[in-house]
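*Asks:* Since the structure of chain A is provided, determine the placement of chain B on it from the hints.
For reference, the chains in residue letters:
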Amino acid sequence: MSMDLTTAGLRLGLVEFNWTFVFQLINTLILYLILKKFLFAPVTKFMQNRENEIKSQIQNAKEMENSAMTLKESYEAKLTHAEEEGKEIVKKHTQRAENRAFEIVKAAESDIESMKLNAHRELERERVKAVNELKDQISQLTIMAASKVVEKDLNEADHKELINKFISEVGESQWQN
Amino acid sequence: MGTEGFGPRVAFYIGDIPVSETVTVTWLIMAILLVFSIIATRNLQKEAKGLQLVVETIVKVINNLTKQNMGEHNANFAPFVGTLLIFIGVSNIIGLLGLRPPTADLNTTMCLSITTFVLTQYFGVRQKGLGGYSKGFLEPIPFLLPLNIIGELANPVSLGFRLFGNIVAGVIIMALLYGALGIFTESLLGFAVPFLQAGVPAVLHVYFDMFSGLLQSFIFTMLTMVFISGAME
Chain A
197 MSMDLTTAGL RLGLVEFNWT FVFQLINTLI LYLILKKFLF APVTKFMQNR ENEIKSQIQN
257 AKEMENSAMT LKESYEAKLT HAEEEGKEIV KKHTQRAENR AFEIVKAAES DIESMKLNAH
317 RELERERVKA VNELKDQISQ LTIMAASKVV EKDLNEADHK ELINKFISEV GESQWQN
Chain B
3 MGTEGFGPRV AFYIGDIPVS ETVTVTWLIM AILLVFSIIA TRNLQKEAKG LQLVVETIVK
63 VINNLTKQNM GEHNANFAPF VGTLLIFIGV SNIIGLLGLR PPTADLNTTM CLSITTFVLT
123 QYFGVRQKGL GGYSKGFLEP IPFLLPLNII GELANPVSLG FRLFGNIVAG VIIMALLYGA
183 LGIFTESLLG FAVPFLQAGV PAVLHVYFDM FSGLLQSFIF TMLTMVFISG AME
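These protein sequences, in sequence, are chains A and B. Note that the working numbering has the first sequence beginning at 197, numbered continuously upward. Note that the working numbering has the second sequence beginning at 3, numbered continuously upward.
Only chain A is shown next, with the shape it has when bound in the complex:
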């Protein structure tokens, strides 16, 4: 390496190929390696990593949102289901209660009906019994009266029948109701 005053003002040609070409070729290669290693590789890698990280974070957030939505939907469905079930239960029980009430009323009605019927029957029986007793008593009274009047003339058995027939004929028409 030498430098003296005579070369200080010296210029190379404006349009010519010289050693500068070789220097610049090497310089360009070195600059390429410098920029690749110290600028592009680290920055591109860094940005790529950050992008991936953000992407994965967004992905996670989306997944969480999805699962939250699924949960929400299932809860809503459960809630709706529970509501419906409640309604169903109320309806069922109302129905049953109504049925039960209807049955009770019906049973009560039939009870009343049968009690009425029984009462009627009892009444009828009592009436018949009373009529029969009355008939007996009348016939006895008649016989007694007749025997008092006729004394021995009257055969009790023959006349009883006769009188009974008479009374029953009269009675039938009189006791009918």
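Hints were generated in silico from the structure; no laboratory data involved. Heads up, the beta-carbon is just placed ideally off N, CA and C, and yes, glycines get one too. Treat the hints with care, as some may be off.
[What the hints assert, rightly or not] Incomplete in silico selection of chain B near chain A, CB under 10 Å: (1) ILE88; (2) ILE116; (3) THR117; (4) PHE166; (5) VAL170.
*Replies:* For chain B alone, kept in the frame of chain A given last:
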């Protein structure tokens, strides 16, 4: 080689090999980018802010640009595309610091465009096989083979010269302007106080260094992506 003209100055010699200011400025840019890369990516936080936001944006934009122009499967070209974009971009605007842009040297631009050309051929052959790639030169009709070859060879030349031409034009115009302004102030005042040079060139710096420079770095990078992915399709 001489003392006149607009060629790059020789900074020093290694043996007999002259090292021009193109190379030294390139080393400076490399050092700046190395330090920037290390500092900016030293402590990456999940929540980006400050310098990290800047590098993340740069890397993201270049990654997306590569994917858009070359397809998702060619995303690993991003460091190369980014090297071109960042190196050419920084080179073009370093004129603002009073340094000579490395891209104002045909050796730099042709070095980059020939790299693109070699990569284009390499990935074309790797993707389609030598036969399949060569067959592309016979399309649409075999008669056009010479034209196709010339067209392919013209790509790196036009790529390199476009960038070189644009940047060196800016350098020359700015040098002429500074010279003219210097002479103008000297004749105006009678002594050399370059006060006109303080504000007047700013407008042209904005155009040549900022606008044209960034535009050319973008054009070079876009064409590189188009060539390489075109050869692979």
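*Asks:* With reference to the structure, classify each hint as holding or not holding.
*Replies:* Checked hints:
1. ILE88: holds, 7 Å
2. ILE116: holds, 8 Å
3. THR117: Where the cut-off is 10 Å and the nearest Cβ of chain A is about 6 Å from B/THR117, the hint holds.
4. PHE166: holds, 8 Å
5. VAL170: holds, 7 Å
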